[in-house]
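These protein sequences, in sequence, are chains A and B. The first sequence begins at 0 in numbering that gives the first Met the number 0 and counts up by one. The second sequence begins at 0 in numbering that gives the first Met the number 0 and counts up by one.
Think of the hints as simulated: they come from the structure by calculation, not from any bench. Keep in mind it's a predicted model, so treat the numbers as computed, not measured. Honestly, I wouldn't trust all of these hints.
Claimed, not checked - To give an idea of the interface, some chain A residues facing chain B are shown, with a C-beta separation under 7 Å as derived from the structure:
| id | residue |
| --- | --- |
| 1 | L9 |
| 2 | V10 |
| 3 | V24 |
| 4 | F28 |
| 5 | D29 |
| 6 | I31 |
| 7 | N32 |
| 8 | K33 |
| 9 | A35 |
| 10 | L51 |
| 11 | G59 |
| 12 | A60 |
| 13 | I64 |
| 14 | D66 |
| 15 | G69 |
| 16 | F71 |
To be verified - Ranges between beta-carbon positions, derived for each pair:
| id | chain 1 | residue 1 | chain 2 | residue 2 | range |
| --- | --- | --- | --- | --- | --- |
| 17 | A | F137 | B | M12 | 55 to 65 Å |
| 18 | A | L16 | B | P30 | 50 to 60 Å |
| 19 | B | Y2 | A | D36 | 50 to 60 Å |
| 20 | B | W81 | A | S99 | 16 to 26 Å |
| 21 | B | A77 | A | A41 | 28 to 38 Å |
Heads up, the beta-carbon is just placed ideally off N, CA and C, and yes, glycines get one too.
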Amino acid sequence: MACHFNSRPLVLCLLLLILILSGCVSLRFDRINKGADVPTPAVGLKEGTATLAEALNHYGAPTDIIDMDGKFALLYKKSFYQGGQISIGIPLSDLLFQSSLRVEAAGNLLRHDLLALFFTPDGILVETMYERGASQPFWGSLWK
Amino acid sequence: MRYFLFVLVVLLMIVTGSGCAVIGRGKDFRPIEEKTLTHVEPGKTTATDVMKLFGPPSQIVKLSNGNAYIYDRSLSKATGLWLVVVTFANYDTQHDRIVFFINNQDLVTHYGSSFKSDTSTYGMPF
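Extracted from the complex, chain A is given alone in its bound form (with noise of 0.2 Å):
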């Protein structure tokens, strides 16, 4: 059986239905990433016997530099920053109403990779710490 069913009104109100919200509906997606790849915690460093000369040759110069009362941390951090935003906006102040119709929901999750590093006065390393945080889900770290 034959379909005779005209889909260019449909889709002219659909074309037209874009032209009109174009200007009432927006999104937006962000990234913002700051820093190189935070390498992971390296086997043949071990805590009580690894250097300071060791360690920067290993894992460079470090982002920050701490000093913690005689004992001082390197700091390795990469940030990963991603944000949406959606927003939905429909004025209607000049035509029916004394407000506007506006709705805006907007979600930004900042997520760090970091390794710290902690030495003794004389440069041996004491204790190794390290996080993942730019590999975590976007959506399950928003909302946890």
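Got chain A sorted already, so can you dock chain B onto it with the hints?
Chain B in isolation, oriented as in the chain A frame:
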């Protein structure tokens, strides 16, 4: 009907594709070069030598047995795409960094470097 569809597709492309794209590049410049590090010798090079080679540091951290001089520069690349209802923005910042550990006798004891600014990229947020 085919002509109508063709016109419709072209119209849709014009409507949804109209917008603009932007790329940007920002540099926080310091004249620090990787090859200059060959002139640095731990145990011999002094803090004064370091500053002669690289200029004043971006940051100085006081440590219990000396200081750390940090030299930093960065390169940022931004990409933006504005379509009718959708905006995409992407920023990528990478750093070149050198740190010198200087003891109380003003001698360089250790140094480390990372030159990553070349890895900064343009792109989309997906």
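### Query
Minimum Cβ distance from N32 (chain A) to chain B below 7 Å?
holds, 5 Å
### Query
Is the hint on V10 (chain A) kept, meaning its closest Cβ partner in chain B is under 7 Å away?
Interface hint status for V10 (chain A): holds (6 Å vs cutoff 7 Å).
### Task
May I ask you to test the hint 28 to 38 Å on the CB atoms belonging to A77 (chain B) and A41 (chain A)?
holds, 34 Å
### Message
Holds or violated: the hint that I64 (chain A) contacts chain B, with Cβ atoms closer than 7 Å.
### Response
For I64 (chain A), the interface hint holds, since the closest Cβ of chain B sits about 5 Å away, which is under 7 Å.
### Interface hint for L51 (chain A), Cβ within 7 Å of any Cβ on chain B
Holds, about 5 Å.
### Message
Is 55 to 65 Å respected by the C-beta to C-beta distance linking F137 (chain A) and M12 (chain B)?
### Response
violated, 30 Å
### Supplied contact hint for D29 (chain A), tested at 7 Å Cβ to chain B
holds, 5 Å
### Message
Can you verify the interface hint for A35 (chain A): is its Cβ closer than 7 Å to any Cβ in chain B?
### Response
Hint holds; A35 (chain A) Cβ to chain B Cβ min 4 Å, cut 7 Å.
### Query
Holds or violated: is the Cβ of A60 (chain A) closer than 7 Å to a Cβ in chain B?
holds, 4 Å
### Task
With 50 to 60 Å as the target window, see if L16 (chain A) and P30 (chain B) comply at their CB atoms.
holds, 56 Å
### Message
Please check whether V24 (chain A) passes as an interface residue: C-beta within 7 Å of a C-beta belonging to chain B.
### Response
holds, 5 Å
### Task
Report holds or violated for the interface hint on F71 (chain A), using the least CB-CB distance to chain B and a cut-off of 7 Å.
Status holds, d = 5 Å.
Violated hints for the displayed structure, listed by number in ascending order: 1, 17.
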